[in-house]
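Asks: Chain by chain, the residues run as shown.
There are 2 protein chains.
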Amino acid sequence: MPHPLDSFFAPKSIALIGASRDIEKIPGRLLSMLRKNEYPGNIYPINPNYPDIDGLKCYASIVDVGVPIDLAIVIIPARAVVGALEQCAAVGVKNAVIISSGFAEEGGYSAAMQDQIVAIAKRSGMRISGPNAEGFLSEVQKVAATFSPTVDVKPGHVPLVATTRRIAIVAQSGGIGFAIKHRAKALGVAVSYCVSAGNESDLGAGEFLDYMVQDASTDVILLFIEGIRDVDKFLVAARRAAEVGKPVIVTKVGRSGAGERAAASHTASMAGWSAAYDAVFAKYGFIVSNDLDEAVTIAAVLTTSPLPKGDRVAVLTVSGGAGIWGADTVSMQGLRVPELSPAIQNQIKQWMPSYGAAGNPIDVTAQGVSSGGLQKTIDLLDTSDEVDAILVVLSLSSEVRMWFKEAELKPVISAQNKPIVFYSYTLPSLFARTELAKSGVVVLSGLTHVGVAMRRLVEVANFKLAPPAGRATLPLRDLSAHLQSATLSEFDSKALLRDAGIAMPDEMLVTARDELDAAVARAGFPLVMKIQSRDIQHKSEVGGVRVNITTKGEAFMAYGALLDNARKHRPDAAIQGVLVGPMAKKGVEIIVGTLTDKTFGPLIMVGLGGITTELFRDVIYRPAPVSAEEASAMLGALKAAPLLDGFRGAAKADVAALSRLISEVSVLAAQHAERIAEIEINPVLVHAEGLGVTIVDALVVRKV
Amino acid sequence: MPHPLDSFFAPKSIALIGASRDIEKIPGRLLSMLRKNEYPGNIYPINPNYPDIDGLKCYASIVDVGVPIDLAIVIIPARAVVGALEQCAAVGVKNAVIISSGFAEEGGYSAAMQDQIVAIAKRSGMRISGPNAEGFLSEVQKVAATFSPTVDVKPGHVPLVATTRRIAIVAQSGGIGFAIKHRAKALGVAVSYCVSAGNESDLGAGEFLDYMVQDASTDVILLFIEGIRDVDKFLVAARRAAEVGKPVIVTKVGRSGAGERAAASHTASMAGWSAAYDAVFAKYGFIVSNDLDEAVTIAAVLTTSPLPKGDRVAVLTVSGGAGIWGADTVSMQGLRVPELSPAIQNQIKQWMPSYGAAGNPIDVTAQGVSSGGLQKTIDLLDTSDEVDAILVVLSLSSEVRMWFKEAELKPVISAQNKPIVFYSYTLPSLFARTELAKSGVVVLSGLTHVGVAMRRLVEVANFKLAPPAGRATLPLRDLSAHLQSATLSEFDSKALLRDAGIAMPDEMLVTARDELDAAVARAGFPLVMKIQSRDIQHKSEVGGVRVNITTKGEAFMAYGALLDNARKHRPDAAIQGVLVGPMAKKGVEIIVGTLTDKTFGPLIMVGLGGITTELFRDVIYRPAPVSAEEASAMLGALKAAPLLDGFRGAAKADVAALSRLISEVSVLAAQHAERIAEIEINPVLVHAEGLGVTIVDALVVRKV
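Chains as they are written, first to last, in my numbering: chain A, 1 to 704; chain B, 1 to 704.
Watch out, some of these pointers could steer you wrong.
Identical copies carry no separate label here, and so any pair may be met within one copy or between two of them.
[Stated by the list, open to error] Listed next, the in silico DSS-like pairs over lysine-lysine satisfying Cα-Cα at most 30 Å (straight line):
1. Lys36 with Lys142
2. Lys539 with Lys703
3. Lys309 with Lys464
4. Lys539 with Lys464
5. Lys585 with Lys539
6. Lys539 with Lys410
7. Lys586 with Lys552
8. Lys586 with Lys639
9. Lys25 with Lys376
10. Lys438 with Lys25
The hints are simulated quantities; they were obtained by calculation from the structure and are not laboratory data.
Use the sequences and the hints to build the structure in full.
Replies: Below, the structure is given as structure tokens:
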């Protein structure tokens, strides 16, 4: 299916605006890179100062070219860019990539020039990447529209290619994008595209991601972002990637205060709050990696492996210590390294000396290699139903010796039933990489990264896109009457939630002493009483809460005391009254909340209540709304999940009821995102299975 | 000062028992390696089949050599080894390293041969390394007593050396040991020694560690272990390393079930329980690393950096995205990346274009490099008191261009006031490594590893060896009367602890109904009653605990109910009586315990009590005994530490009293390690500062 960016990534003709004869400088290097990488289309250099460059006719202006141009690469001083783009638009150039810098990243007048670029794109329909971009590389189409030194072609260099499947790289930072490409290619991982987004005046990372998701030559996507600007396009692309099952490995920087500070100053983007990004990534099954080598290792494993059917790993080695290390590493990632059955062990033992080990890790020993045991064990494990993946741990530093014969290894790798991952504890030699590439093997060199990658592979295999929240979850209601005052009390908040359709405990606001009898009768003993005021945020701190009241006398004393305390601590607070309700039955204390992220809008959060949430930061976020199924998956991702599952002989908690509540709250936040900034239900008590949940306290915060 | 292993690591003469002319096989390779690495002493090949080898006279037997031999390298079939060693001992050979395998790792008769080797060492005083060892390399002394391919010298190869300080590698696995060496040297980190321990018949990893700790040519030690056998020597060496401040980076494998399974089968060693290893490592300030590249990165940073005075990092880059990534990475490791003062920012801004960033991360931009801004900023930051370390984030992939001039960089690096760490996001070229090595710079390539290394540097700087537990902590008492029965009840356990000198609550064991009045009077209300029986482990599960009893009537009813419940649930249990004591005041719930590790003996453990310990595995171990100071440091290392420090407005807990208790319990466990296997105090309630602690429940488990 054609994509609007086809002519951007596979242009039939390129105009190079600002072409130069000086290949030491960036403008000159661009032409040289295009030609060295054997761009097959026509190139039109544009520069009024030359009649020709490097054998190509050079034009004074784009208007002189006279043929249709798919892509203009613009590398001229910033002040000349807008004029050049106007000319491009006038002659119908389809796409432009602006390498020039000096726009939004400088602020002031320079930022205004970027606004003009946006306007040109909107008006003309010409698609524009950059400014301040490092351009892109299409390996498939042989388009090196970049000055990155990493795309330079050295005479006589034979590229290392071990994979048939390809990765695409989409990076807001060109430096990082091409560094990822550089490292991936050094491992022998084939690349389809590498594109840097720059200032994203028109084309953004989200739209580039969308291109890679639909691109048939791309199997795995690596995404490096500081902050997403084209959020809607990004979310569409993310969902599509999840739906078609194309893995996306994402690095999001600007996670720390310092990182965010720089992201704001450097890229002229508002760095998003990372929890929201992580929530979105989790929803769509993106693989988050904060390390370049780790990301590339995951990509290498994904491009060379079928998805595993389970989490059982065989670790195969020729060195005992290294095998143990391999087993430890995958175990620490939560994968299993099961002891093999006696039947398999006996088979393997035929192929190794007596001091080998067949239990798993399997150490066939160096002697086991020469006798063919290593290869035979790989063959056996690949067809065994006792393991789901194989980690081969070797020394591949030799520049002359190879443990494998291509004729034996290649057929197994080509038809592999499960991931077969190769790690060398010595630094792998180029010889070993090259020899093993012939069999389709990428040699990996960072053990922890390998363990993480094998774990991610299992997660990708298990990922299911959660169904959306159903329309029937919570009918849309007009809640504006509840959102008149600037702040809401617990009573106000609960009234809003009740009107929204969320089940709340039966409580009464007592506004005068003579109403207390009726309230006590309705609540029954034991009961709880709480002061209500829109001016008092923390009721406990003003002595505003009395729990476990068991007699009418206590209730009347408490009523007086609550009002007295409030008056004493907060004489200026307007008191609504005292909320009287039954004490909640016991249950697991959970906090459910929503908040609004500046990039992605409403998020739903769930965590274990009480002090633990804060101490162990055990909370899970997702973009709102979520279905009850997705809410249930959120609960499963909590470290405290066992508490809900009958911990230490306790009854299982009513996870179904809690999941429904989370879904309802999330739908409410999404429905009223324009008016509601935050909802906090803290705590909700989750009772035993079948007994539901009780909302103890709640707060709704209006948008200002 | 001379060390007993001097003649092992710096032999004046070497006999090569099993020398061969065939350099394709291991025996032949050993001679070739020795000579290629320019061993300066005399080599005496021993083999009855040759008159000479490679120009050296060859002897039929060691007894024919007739000159003193410092080191015999033994590479002959296993069955001939014992005889050859007897001859070595007879002629006074000082040391032997046995490369031959086929001993303990095979079991049976082969293992018995290893016992004979041990006997020869003991009897003769000859020190023996191996069997099944890969030998060692002394770079300083030019002794390549190993067949490892990694010590092969390629003609014309100029080694990359960036550091003047050197690392020593001690590894139980030769494959891993020499792989560490291989990777370290590829970075330009100088090596003093690399030694593999093999089966450790006589010389073990502990004694090798001891050598490296005292060795003047070694600055940092890398240790790879599966399980320590010479525990006493190891502990002496570990303490000495901590005392002299020589950093030890340790990798301990066999951490997972699978890893331990293989460690047991492969190396014929009992793999220790890793928590005990980690406790010992923590005590002596060892740097634990589970990844080879990470360990080497830490070593590289330690050999090139002075220790930082604090945790403030400046991140300096020429690429915005990479700088943010760097800042995120060190921040995630708990280091600070403070915004620089306006004064410093203004200075830096002179050296960069307007679109650079000076806040920190500092992006001088590519243009800032050509104008000298990068170098000037390094100079400025090195003398600034606003940061304690500098992380330089660059692309160093070019094979022709270099960002720095040696004349400018070398003087700063030679006199650097703080760590200046170089990371390249593209794969560093050999050209860049070589050029920067001239200034003493190691180029690092794994960002997460760099972040971890910088964090470890701060930890090394802050490490203080804890003072030992004083003799006065707990006087040694005869507790044997308490350890007569096979199992101890809570009452028995508390009696033992009380007699040992640990303050216990005032409780009474009521063995007959008519004693209850007195017990109630003594305890006062509210009180708690608990069934006591050596046959009942979990009192709660048999309805054996009643808390918060407030009247005499309740107490009598509880007494009857506790006995009834016990009889109903455990009719066969012998009942001691009912323990009556006051309800404890509120406090933070803590668990304190001791257990016995098969390698290191008694350990003390502390964690947050209640469900959290199990859910979040928030516990800290140390070898027992510990001083109160060390106990206090253990508490500080808990994730739950804020709970003791006045969490959310609560009073600070009595950490001093808790630390004293931990110290006392640890001393008790150490004093009676022969008789007591475990002590568990769960929970102890820690009251507000000055109000002490209350032991609620306790259990002592006898050794069987």
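Asks: Look at each hint and say if it fits the structure.
Replies: Results for each hint:
{"no.": "1", "hint": "Lys36 with Lys142", "result": "within (10 Å within a copy, 48 Å between copies)"}
{"no.": "2", "hint": "Lys539 with Lys703", "result": "within (22 Å within a copy, 54 Å between copies)"}
{"no.": "3", "hint": "Lys309 with Lys464", "result": "within (14 Å within a copy, 49 Å between copies)"}
{"no.": "4", "hint": "Lys539 with Lys464", "result": "neither (42 Å within a copy, 45 Å between copies)"}
{"no.": "5", "hint": "Lys585 with Lys539", "result": "both (21 Å within a copy, 26 Å between copies)"}
{"no.": "6", "hint": "Lys539 with Lys410", "result": "neither (70 Å within a copy, 63 Å between copies)"}
{"no.": "7", "hint": "Lys586 with Lys552", "result": "both (23 Å within a copy, 29 Å between copies)"}
{"no.": "8", "hint": "Lys586 with Lys639", "result": "both (21 Å within a copy, 27 Å between copies)"}
{"no.": "9", "hint": "Lys25 with Lys376", "result": "between (55 Å within a copy, 24 Å between copies)"}
{"no.": "10", "hint": "Lys438 with Lys25", "result": "between (38 Å within a copy, 28 Å between copies)"}
The structure fails to meet hints 4, 6 from the earlier list, while all remaining hints are met.
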